Amino acid sequence: MALLEIRGLTVEFRTTLGPLRAVDGLDLDVEKGEIVGIVGESGSGKSVAMLAVMGLLPRTTTITAERLAFDGADLLSLSTRRRRALTGKAMAMIFQEPMTSLNPCFTVGFQIVEGLRQHEGGSRRALRARAVELLEKVGIPAPEERLGAFPHQLSGGMSQRVMIAMAIACNPQLLIADEPTTALDVTIQAQILDLLVELQRERGMALVLITHDMGVVAETAHRVSVQYAGQQVELREVKALFADPRHPYTAALLEALPERSSGRLLPTIKGVVPGLRDRPPGCLFEPRCRLATAHCRAVPPPLAPAGDALARCHYPLFEGLPQNHPGTAERAS
Amino acid sequence: MFRFLLARLGILVPTFVGVTFVAFVLIRLVPGDPIEMLAGERGIGAERHAELMAQYGFDRPLWYQYGSFLVNVLQGDLGQSLVTRRPVLAEFLALFPATVELSLLAMLFAVLVGLPAGVLAAVRRGTFLDHAVMGASLTGYSMPIFWWALLLIILFSGMLQWTPVSGRIDLLYFFEPVTGFMLIDSLLADEPGAFASALRHLVLPAVVLGTIPMAVIARQTRSAMLEVLGEDYVRTARAKGLAPRRVVGLHALRNALIPVVTVIGLQVGLLFSGAILTETIFAWPGVGKWLIDSIARRDYPSVQGGIVLIAGVVMLVNLLVDLLYGLVNPRIRHAR
Chain A
713 MALLEIRGLT
723 VEFRTTLGPL
733 RAVDGLDLDV
743 EKGEIVGIVG
753 ESGSGKSVAM
763 LAVMGLLPRT
773 TTITAERLAF
783 DGADLLSLST
793 RRRRALTGKA
803 MAMIFQEPMT
813 SLNPCFTVGF
823 QIVEGLRQHE
833 GGSRRALRAR
843 AVELLEKVGI
853 PAPEERLGAF
863 PHQLSGGMSQ
873 RVMIAMAIAC
883 NPQLLIADEP
893 TTALDVTIQA
903 QILDLLVELQ
913 RERGMALVLI
923 THDMGVVAET
933 AHRVSVQYAG
943 QQVELREVKA
953 LFADPRHPYT
963 AALLEALPER
973 SSGRLLPTIK
983 GVVPGLRDRP
993 PGCLFEPRCR
1003 LATAHCRAVP
1013 PPLAPAGDAL
1023 ARCHYPLFEG
1033 LPQNHPGTAE
1043 RAS
Chain B
178 MFRFLLARLG
188 ILVPTFVGVT
198 FVAFVLIRLV
208 PGDPIEMLAG
218 ERGIGAERHA
228 ELMAQYGFDR
238 PLWYQYGSFL
248 VNVLQGDLGQ
258 SLVTRRPVLA
268 EFLALFPATV
278 ELSLLAMLFA
288 VLVGLPAGVL
298 AAVRRGTFLD
308 HAVMGASLTG
318 YSMPIFWWAL
328 LLIILFSGML
338 QWTPVSGRID
348 LLYFFEPVTG
358 FMLIDSLLAD
368 EPGAFASALR
378 HLVLPAVVLG
388 TIPMAVIARQ
398 TRSAMLEVLG
408 EDYVRTARAK
418 GLAPRRVVGL
428 HALRNALIPV
438 VTVIGLQVGL
448 LFSGAILTET
458 IFAWPGVGKW
468 LIDSIARRDY
478 PSVQGGIVLI
488 AGVVMLVNLL
498 VDLLYGLVNP
508 RIRHAR
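Quick note, the sequences are listed as chains A and B, same order. Read in order, the letters of the first sequence correspond to residues 713 to 1045 in this note's numbering. Read in order, the letters of the second sequence correspond to residues 178 to 513 in this note's numbering.
Quick caveat, the hints were computed from the structure, so don't treat them as lab data. These figures come from a predicted structure and were not determined experimentally. Treat the hints with care, since some could be wrong.
[Said to hold, decoys possible] Ranges of calculated distance between the beta carbons of each label pair, as one might list FRET restraints:
hint, chain 1, residue 1, chain 2, residue 2, range
1, A, 835, B, 304, 37 to 43 Å
2, B, 182, A, 786, 56 to 62 Å
3, A, 910, B, 421, 33 to 39 Å
4, B, 304, A, 731, 46 to 52 Å
5, B, 339, A, 773, 45 to 51 Å
6, B, 192, A, 822, 48 to 54 Å
7, B, 179, A, 868, 28 to 34 Å
8, A, 822, B, 306, 29 to 35 Å
9, A, 989, B, 182, 55 to 61 Å
10, B, 182, A, 864, 52 to 58 Å
11, B, 421, A, 832, 19 to 25 Å
12, A, 783, B, 339, 57 to 63 Å
[Unchecked claim] Coverage of chain A stretches by chain B, computed from C-beta distances (three or more under 8 Å per stretch; other residues unrestricted):
hint, segment
13, 788-800
14, 933-941
Every residue gets a Cβ at the ideal spot worked out from N, C-alpha and C, and that includes glycine.
Okay, chain A solo, but in the shape it has when bound:
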């Protein structure tokens, strides 16, 4: 049994234009102690899916799933009280904007201790000692002094370290990191990623890393889920994915990596992710896909096994060649 089981997770927001489906039938298992990368463009539903797992979406959101379970416990049928007992303890999350994710009115120490007191309790002194220990753990110099600091006195990198300290405070089995390095300087990005991977190894916790940076995924993740317009388009071991992508979207993402491009101009994926009103009837990637056929336009492809992968494509790529494609003469790369 996987630590986190997600089957057919669908999340819809009520909007004035009608329901907006942000996540569309996501399947994902996260095993104990593994790092899963979720990649995709903005609006591909990667953050929303994980917020749904954490139970952090607004009440007006509609969340449905065939199964959404953590450590065997069905999250959707759990009472809010018991769900809260998991949130922040067994599963924790850090976010994209560390500077705005800390409450400006409370000290760092207060904010770390608060979660500990909620889930584990303990004397004032013991909690304080734990907080110092945690700050030390995440590499904050002079942790004793930092306890009394307010968030506006910290840099972005420091803030993210504090967020991580808060998240790992209760030794969670699952840590979800939602673009943890996007808002940080490049030099700090690597430090934070290293810290996350180090903590993950040391504590044997599962780490879900949401990112739009393929480079980050390559360096850290064991398995990757590629998301497009709320759907999962490919699910794979990380090495295999980079060596031989099955879905044309994954292939296009990899081609857009500067270190992989050979020409003078960096390849791009033309067009944008479809919105609420312009969802194509068939494959969602079809309008931007070089290999699209009439069949792609009419029939939505299912997420199906393709070799060692799961891919949502009628003509999955093998060694860059689309299988069973009517016009196989056209090369993918």
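Assemble chain B onto chain A, guided by the hints.
Relative to chain A, chain B alone:
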């Protein structure tokens, strides 16, 4: 922080001088003069009138009168009431506790009702409760004070007979005034009956006076909360698995309070202007009613002095609120 304080104090000086000028000019724009009013219906001869005017210095050029008023004010001398011959400052101080007691209770009511109402409306945004709170606050804000007061008097004093119509306390009670606050003095004198009586006298005027500030605070709290509830740190608080009450009541409210405290401070000015009407309606022996009476008598020194003193208090309170702002908002406290 010290610099901040200095800058705030610097702004107060021109404001204060402006207030003295306005107070001086406005009362003189009102037709009639103190001598005429003192003479009453019997009237007074032109010669005697001129003589008395000269005696009080009202025949001097206006700029001279204003100049000497300003110089005296700066020396702490507000002059004597033309009617009672007592120093204006002493009269003011004797009545001021009554106004403060009323205003404090009104503010207490406004904050205790307005703040939770605003928070609730924000948390239950778009629901019936939200619309009810906002509707009530709009009504409260738009209701003329005197009309609202009369409605409450008819209901609670007239029909239900729960509260007295006017005054501060039933006449049968007497005890030594120590602080000037009836509620405190009655307790000090160990007179529970007097305390109850004072409280019953206070309730209606305090509710009337507190209604507009309550409405303003409720609306401001709601909009501040709505903004704050969408912030990342609120999501972080929820991600810790904290109870909703703690997320809203501590993490969100603490931040929403920053603009709300400013608004509460600004209500103090409103409270004093409201007190003038409220005190008159409920025959509340405070500075508001005293000011109205002084205006009717064209008691120039009392009116001038009263306005200057009230304005001074309002400015002082606003200054205090600015300092309090630093207490609520650590980003200001630590700014150098």
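* Asked: Within 19 to 25 Å or not, the Cβ separation of residue 421 of chain B and residue 832 of chain A?
  -> 20 Å, holds
* Asked: Do the Cβ positions of residue 339 of chain B and residue 773 of chain A conform to the proposed distance bound of 45 to 51 Å?
  -> 48 Å, holds
* In this structure, is the beta-carbon distance linking residue 783 of chain A and residue 339 of chain B contained in 57 to 63 Å? -> Given a distance of about 59 Å, which is inside 57 to 63 Å, the answer is holds.
* Is the distance from the Cβ of residue 835 of chain A to the Cβ of residue 304 of chain B consistent with 37 to 43 Å? -> Holds, since residue 835 of chain A and residue 304 of chain B (Cβ atoms, about 42 Å apart) stay within the stated range.
* Asked: Does the Cβ-Cβ separation between residue 182 of chain B and residue 786 of chain A fall within 56 to 62 Å?
  -> 58 Å, holds
* Is it true that the C-beta distance of residue 179 of chain B to residue 868 of chain A lies inside 28 to 34 Å, as the hint says? -> Since the Cβ atoms of residue 179 of chain B and residue 868 of chain A sit about 31 Å apart, the hinted range of 28 to 34 Å holds.
* Using the Cβ atoms, figure out if residue 989 of chain A sits within 55 to 61 Å of residue 182 of chain B. => Cβ of residue 989 of chain A to Cβ of residue 182 of chain B: about 56 Å, so the range 55 to 61 Å holds.
* To do: Kindly confirm whether 52 to 58 Å is satisfied by the beta carbon distance between residue 182 of chain B and residue 864 of chain A.
  => 21 Å, violated
* To do: Indicate whether the distance between the beta carbons of residue 192 of chain B and residue 822 of chain A respects the range 48 to 54 Å.
  => Violated: the Cβ-Cβ distance is about 39 Å, outside 48 to 54 Å.
* residue 306 of chain B and residue 822 of chain A - C-beta distance against the hinted 29 to 35 Å -> 31 Å, holds
* Asked: Do three or more residues from the segment 788-800 of chain A put their C-beta atoms closer than 8 Å to C-beta atoms of chain B?
  -> holds (count 5)
* If you check the beta carbons of residue 910 of chain A and residue 421 of chain B, does the distance land in 33 to 39 Å? -> 34 Å, holds
Comparing the model with each earlier hint shows violations of hints 4, 6, 10 and 14; every other hint is respected.
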